[in-house]
Amino acid sequence: MDTIQRKIGFYSLKLKRLRKEKLYEPPGELKKVLSYIVKLGEKERVIEQKTPTSKRFHVLRKSKLSQDTQAVLFISAKFNHRPPLIDRDTAERRSNPKRIREGEEELTHIVLKYRNDEIVVLIEEHNPGISIGWLAKYLMILANSYYKSLDAKRKWKIETSVIPKDNFLGEMRKLSRVVVGEIHTEKKLLGSEFLNYSNKTEQVKDDLVLYLKAEKNKSILSPLEDIYKKYKKNDGEIHKIRVEGLNEYGNRILLDTEIIKKIQHIDALANEDTGVIQSSELFRDMLSIIREY
Amino acid sequence: MAKIFYFEYIHPIRDYFITLRANEGLFDWGVPFLISLGIYLYPLSLMDFDTIKTINGYAINLLAILVGFSITSLTILTANTSKNIEDLRDNYTRRSLRGKAVSLYQLIILNFIFLLVMEFVSLLYSFGFLLLIKVGDLMNFYKEAFLVSIYLITHVVFLNIRNVTNFYFIVSRDE
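If you're matching them up, the sequences are chains Y and S in order.
Here the first sequence is numbered in my numbering, starting from 1 and rising by one per residue.
Here the second sequence is numbered in my numbering, starting from 1 and rising by one per residue.
Derived by calculation from the structure, the hints in this document are not laboratory data.
Every residue gets a Cβ at the ideal spot worked out from N, C-alpha and C, and that includes glycine.
Wrong hints could be hidden among the right ones.
The following label-pair restraints were derived from C-beta to C-beta distances [said to hold, decoys possible]:
no., chain 1, residue 1, chain 2, residue 2, range
1, Y, Ala152, S, Pro43, 55 to 63 Å
2, Y, Glu215, S, Asp174, 30 to 38 Å
3, S, Pro43, Y, Arg17, 50 to 58 Å
4, Y, Ser280, S, Thr75, 43 to 51 Å
5, S, Arg162, Y, Asp256, 26 to 34 Å
6, S, Asp174, Y, Ser149, 21 to 29 Å
7, S, Val157, Y, Glu171, 53 to 61 Å
8, S, Thr75, Y, Thr274, 53 to 61 Å
One chain only, chain Y, in its complex shape:
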C-alpha cells in the first residue's frame, strides 16, 4: 500500500444571522441541512463551480454523524476537459475515452465538530478537491433548497475563519518593535452595496490591503493588538494579518496568520491500482485530531 501525505487545514465556521449583526444561529442548524442533503438523490446534490479557467462540480457523497462530530466525504470533478492520455513509460498518446461531461473523481475528506458557538472544520486541502470557501457556498445553496422545502428561507450565511495558533498575539508581543502591519480585508470596502451585490468586483483582487507603518523608533503593537482581536472575532472583515517587526537582537521577524494557521499533515494509505486514498483510515486520523478540540 502506498502512502500519500495530505495537508489538513483547520477552520472555524459560524452561521451568521442575515438580519442582525453579531447574532449567530446555533451550529446544530447545519446538522439539519446536512441530513437533508444526504437524503437527496445524487443528481440533486451536484453543484457546479464555474471559474474563468475551468469548470468543475462537487457532490456530497456521504456523511456520518456521531454525537458532536461528523465525517463528510465530497467528490469533485473537473469536466469539459478531455485532453489525450500519455503513458509515463512509453510516452505514447491515445484518445481519452471519457465523455466531455465526465471528470476524474477527486475525494475531499472533511470532519466537523459541533461546539456551542462554532463548528470546527478539518478539511483535506488539495487543489482538485473542494475548498473551504466552496464548501460554504455548496452548503448555503443546498440550505436554500432545504428551507424552501419547509416553506421558509435561509436566514443565515456561513462565515469561515482560519484558526490561527493561540500564541500569535504572544509572538507579536515578544517583538521589541513592531514596524509594519498589513491587514487584508474584504474588497467590499471598494464600492457601494449595489456594486458589491452585482458581483462585478470579482475580477478585482480579493483583498483590500491596509498598511500600518510605525514612525522611526516607535512600535505599532497597540493598534495591531486591537486589530488582531477583531480578526479573532471571526466577523469576516479581516482575512489575514501580517506583521513585521524586530526581535531583541534586531533580527527581522515576520508573523502571518495564514502561515501560522494550524496545518498538519497526515500520511494516508492509498490504493495501489487507482492511487485513491483509503477514506476510512484518513477519517479515523482526522477524527482523532478534532476530538482534541
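With the hints as your guide, set chain S onto chain Y.
Relative to chain Y, chain S alone:
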C-alpha cells in the same frame, strides 16, 4: 396639528437623508449645484424671459416623462419575483434606520420614492414658476427664480442616474 394636516410625507424624505452617504450626497446635491451655478453665470444671463418661458415648458415635459419612468422602475422592483430582486431583501447594508439594519431592497425603494417626491416638487415648481414671478417684484428676479427650477431638474436627473445605475447592478448581477 398632525390630526389636521398630513405630515407623513416627511418620513421618506427624512429616511433618505439618514441613509445618505457623503459621496452620494455630493453626487445628488453638490454636482447639480455646481452645474446650476455654471448655467446661471453664463447661458442664463444671456436669455430673455420668452426663451426661459419656452425652456420651462420643455422642463415640464421632461419631468412628466421622468415621473413615468420612475413609477415604471418602482413597479418593476416591487412586482418582480426574480432571484436577483428577491435576494435584495436578504442582503443588508451597514446603514441603519431606527436602530435596524437597512436591506438593499429597502434602500433602493427609498431612493426611488424620494426621487418621485423630488420630481413632484420640481413639477410643481415648474408649473408655479410663471405664477410665482407675477408676485410683487419677483419679475425682476425671474432668472434667479428659474435657477431654482434648473437646480431641481438637474438634481432629479442626477438622482435618476444613481438609481438607474443601482438598478443596472441589481438586474445584471453575476452569479
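Next on the checklist: Range first: 21 to 29 Å. Now tell me if the beta carbons of Asp174(S) and Ser149(Y) are that far apart.
Outcome noted: holds (27 Å)
Checklist entry - If you check the beta carbons of Thr75(S) and Thr274(Y), does the distance land in 53 to 61 Å? => result Between Thr75(S) and Thr274(Y), where Cβ atoms are some 59 Å apart, the hint holds.
Item to check | CB-CB spacing for Glu171(Y) and Val157(S) relative to the 53 to 61 Å hint | outcome: holds (57 Å)
Next on the checklist: Just to be sure I understand the hint, the distance between the Cβ atoms of Ala152(Y) and Pro43(S) should be within 55 to 63 Å; is that true here?
Outcome noted: Between Ala152(Y) and Pro43(S), where Cβ atoms are some 59 Å apart, the hint holds.
Checklist entry - So does Ser280(Y) sit 43 to 51 Å from Thr75(S), Cβ to Cβ? => result Between Ser280(Y) and Thr75(S), where Cβ atoms are some 59 Å apart, the hint is violated.
Checklist entry - Are Glu215(Y) and Asp174(S) spaced within 30 to 38 Å by their CB atoms? => result violated (43 Å)
Next on the checklist: Against the range 26 to 34 Å, how does the distance between the Cβ atoms of Arg162(S) and Asp256(Y) compare: consistent or not?
Outcome noted: violated (40 Å)
Checklist entry - Is 50 to 58 Å a correct range for the gap between the Cβ atoms of Pro43(S) and Arg17(Y)? => result With a Cβ separation near 55 Å, Pro43(S) and Arg17(Y) satisfy 50 to 58 Å, so the hint holds.
Violation of the numbered hints given earlier is confined to hints 2, 4, 5; the remaining hints are satisfied by the structure.
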